[in-house]
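A.B. asks: Chain residues, written in single-letter form:
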Amino acid sequence: MAPGATLTTEIVIQTIVSGLLMGFIYALVAAGLSLIFGLMEIVNFAHGEFMMVSMYSVFGLYLAFGLDPLVSAPLCVMFLFALGVATHYGIIRHILNAPMLVQITATFGLAIFLRSLAQFLWTPDYQSIPDPIVSGRLDLAGIFIGVPQLVASAGCLLAFGVLYLFINRTETGMALQATAQDREAASLMGIRTDRMYALGWGIGAACVAVAGVMLTNYYYIFPEVGFIFALIAYVAVALGGFGSIVGALFAGVLIGLVEALGGLLLDPAYKYAIIFAMYLAIVIVRPKGLFGRF
Amino acid sequence: MAQAPHAPPAGEPRAELERARAEPVRTPLSAKQWVWLALAGVALIAWPHVFDAPYQRHVLVMVFIYALMAQGWNVLAGYCGQISLGQAVYFGIGAYSAGFLYANYHISPWLGMLVGVGISVLVALAIGLPTFRLRGHYFAIATLVIGEIGHTLMLNWEFVGGATGVWIPIDRDSPWYSFQFHDNKLPNYYIGLGFLTAACLVVVWLERSKAGLYFRAIRDEPDAARSLGVDVTRYKLVAIMISAAFTAVAGAQFAQYVLVIDPETVFPLLLSILVVLMTMLGGIGTLWGPIIGAGVLFPLSEATRVWLGGTGGAEDLMIYGALILLISVFWPGGLLALLRRLFVRSGDA
Numbered sequence: 000m001a002p003g004a005t006l007t008t009e010i011v012i013q014t015i016v017s018g019l020l021m022g023f024i025y026a027l028v029a030a031g032l033s034l035i036f037g038l039m040e041i042v043n044f045a046h047g048e049f050m051m052v053s054m055y056s057v058f059g060l061y062l063a064f065g066l067d068p069l070v071s072a073p074l075c076v077m078f079l080f081a082l083g084v085a086t087h088y089g090i091i092r093h094i095l096n097a098p099m100l101v102q103i104t105a106t107f108g109l110a111i112f113l114r115s116l117a118q119f120l121w122t123p124d125y126q127s128i129p130d131p132i133v134s135g136r137l138d139l140a141g142i143f144i145g146v147p148q149l150v151a152s153a154g155c156l157l158a159f160g161v162l163y164l165f166i167n168r169t170e171t172g173m174a175l176q177a178t179a180q181d182r183e184a185a186s187l188m189g190i191r192t193d194r195m196y197a198l199g200w201g202i203g204a205a206c207v208a209v210a211g212v213m214l215t216n217y218y219y220i221f222p223e224v225g226f227i228f229a230l231i232a233y234v235a236v237a238l239g240g241f242g243s244i245v246g247a248l249f250a251g252v253l254i255g256l257v258e259a260l261g262g263l264l265l266d267p268a269y270k271y272a273i274i275f276a277m278y279l280a281i282v283i284v285r286p287k288g289l290f291g292r293f
Numbered sequence: 000m001a002q003a004p005h006a007p008p009a010g011e012p013r014a015e016l017e018r019a020r021a022e023p024v025r026t027p028l029s030a031k032q033w034v035w036l037a038l039a040g041v042a043l044i045a046w047p048h049v050f051d052a053p054y055q056r057h058v059l060v061m062v063f064i065y066a067l068m069a070q071g072w073n074v075l076a077g078y079c080g081q082i083s084l085g086q087a088v089y090f091g092i093g094a095y096s097a098g099f100l101y102a103n104y105h106i107s108p109w110l111g112m113l114v115g116v117g118i119s120v121l122v123a124l125a126i127g128l129p130t131f132r133l134r135g136h137y138f139a140i141a142t143l144v145i146g147e148i149g150h151t152l153m154l155n156w157e158f159v160g161g162a163t164g165v166w167i168p169i170d171r172d173s174p175w176y177s178f179q180f181h182d183n184k185l186p187n188y189y190i191g192l193g194f195l196t197a198a199c200l201v202v203v204w205l206e207r208s209k210a211g212l213y214f215r216a217i218r219d220e221p222d223a224a225r226s227l228g229v230d231v232t233r234y235k236l237v238a239i240m241i242s243a244a245f246t247a248v249a250g251a252q253f254a255q256y257v258l259v260i261d262p263e264t265v266f267p268l269l270l271s272i273l274v275v276l277m278t279m280l281g282g283i284g285t286l287w288g289p290i291i292g293a294g295v296l297f298p299l300s301e302a303t304r305v306w307l308g309g310t311g312g313a314e315d316l317m318i319y320g321a322l323i324l325l326i327s328v329f330w331p332g333g334l335l336a337l338l339r340r341l342f343v344r345s346g347d348a
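In order, the protein sequence lines correspond to chains Y and X. Heads up: the first sequence is residues 0 to 293, going by numbering that gives the first Met the number 0. Heads up: the second sequence is residues 0 to 348, going by numbering that gives the first Met the number 0.
Hints listed in this document are in silico derivations from the structure and should not be mistaken for laboratory results. For each residue, glycine too, the CB sits at the ideal point set by N, CA and C.
Over 12 Å on every C-beta distance to chain X, these chain Y residues come out as not near it, computed from the model:
id : residue
1  : T7
2  : G59
3  : L66
4  : P73
5  : R136
6  : A140
7  : F143
8  : G160
9  : F165
10 : G172
11 : Q176
12 : A177
13 : Q180
14 : G201
15 : L256
So these bits of chain Y aren't anywhere near chain X, every CB distance computed over 10 Å:
id : residue
16 : I10
17 : I12
18 : L60
19 : F78
20 : S134
21 : G145
22 : V161
23 : A174
24 : R182
25 : I190
26 : Y219
FRET-style restraints, in silico, Cβ to Cβ:
id : chain 1 : residue 1 : chain 2 : residue 2 : range
27 : X       : A125      : Y       : E40       : 26 to 36 Å
28 : Y       : V284      : X       : P186      : 47 to 57 Å
29 : Y       : D130      : X       : A162      : 31 to 41 Å
Build the full structure now, drawing on both the sequences and the hints.
C.D. replies: Pasting the structure below:
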């Protein structure tokens, strides 16, 4: 319990609501990561930097044309989709069969590059979008919900739903799944697996971009902003099981709740440490995560 | 495995890596190699007298510290195949043990270093025992989050200074007791060289010993190793203990060299990643890889910083990141494999 606070029902509900709202954002970030991993067993260590790039692209469009995040959102998501596809063709395609370590260092190299590029272009200062259209807060019987937070979570949940339907209900989605299950068999069935990989990277980057764009309505933009989100996404993906999209949703929400409640009951300084400890506890008991299929 | 492990297709990244790892085992050095080794030794001893500007010596001292840490990672990941992304924990423990005990209790950092090694080895055991069951990415991410937990704990642990860290008091009167050398950097240079040499001798012994063979068996074919009766967990624990000990020594030396330590400098994730990158750059799973990697990467990052100016624009990191990316994609065997390909004809080796 943080000193000086009293634990009322309102505070607990408020905390749970905030945790849930954050959890949906984590879930979408993790889903993008998980999709890429499920396809080709590569962990994208530049995932947080993709998010950072999406936030700066919103910021750049605001500076250049005064566009509100709500307006620039589709452009930025498409831009990140293209960046994901380009990452596949420029980098990932060459290291598909390389050992895990090479894949780790390659994506880390990309992360360091993107992060320092952002610092070079925009300085390390914290930036924010002044007066976005989405603002204000709702008062629901004493529970306050920020409108930007609500919109962000709703947007992420919506994107998650679209992703889920795309993967499970469309032919392309089925082709993605087939590629994830057996690359050779899929290519024998006439699926162009290289394209599927590129598509996976595009979608993965677009997912994290949706989260990033939504966050710009109320979050600071700085070169290292993606770091903690990516770290949480790694935990969420490992918790949910690498490659499991639904697992990522559960894990993301679980992490959001644990983070909020842990910060309330213990000490906000340790809220991430609690999540990490939870990860360790779960994988030690279940070494393949909660929903792992690998 | 459909592919024969001995004949991977040329040009494939895996083949590069295999080639880089194909260190000769138990082959005595040829006369030519002894000469080269002796020359290198003389050059390293003479180096700080030829290039005697404080800055030139400083770069080498830092290279030795990073190379020692990278060698520690190399033992665990390169030889035993356990990819740790949390080496900063052991570095930080070494640094804090030496610095904190000296600053607060006036205990000689040499003793503090031993304490740091002891604590690091115990922490490594505590980390290894539960997490060695995890495979691949699960293990890597477990070590990553352990590193971040350590970072958070140190930031909030007021007893050891919290976010402010430890300021090690300056002592000019008894340099050998206080492990601080203010006249010139020569003692730091030779101590760093000495520790690194000792670590390399341990690795040479590993390469030629049964334990080293078991390490590589665990790395390449863990299931086969287990089924052939290798006590996999035990040898992984040996590897992580050696790794932690090297890293803690590097940390203690670092603390006594820079004299100010805080969680941001000795516990950050970037440090854990840096040693991985250095070893990968030089050549993973080889004796010289970490040394070459540290010897290239640290001066390079210094040079780009000097060159492009400390504008805060992070140009040096940009080059650094791009370099890591290019090397991973195009020469995953590292510089050592590249050098070997350039200078050693296949019939000659």
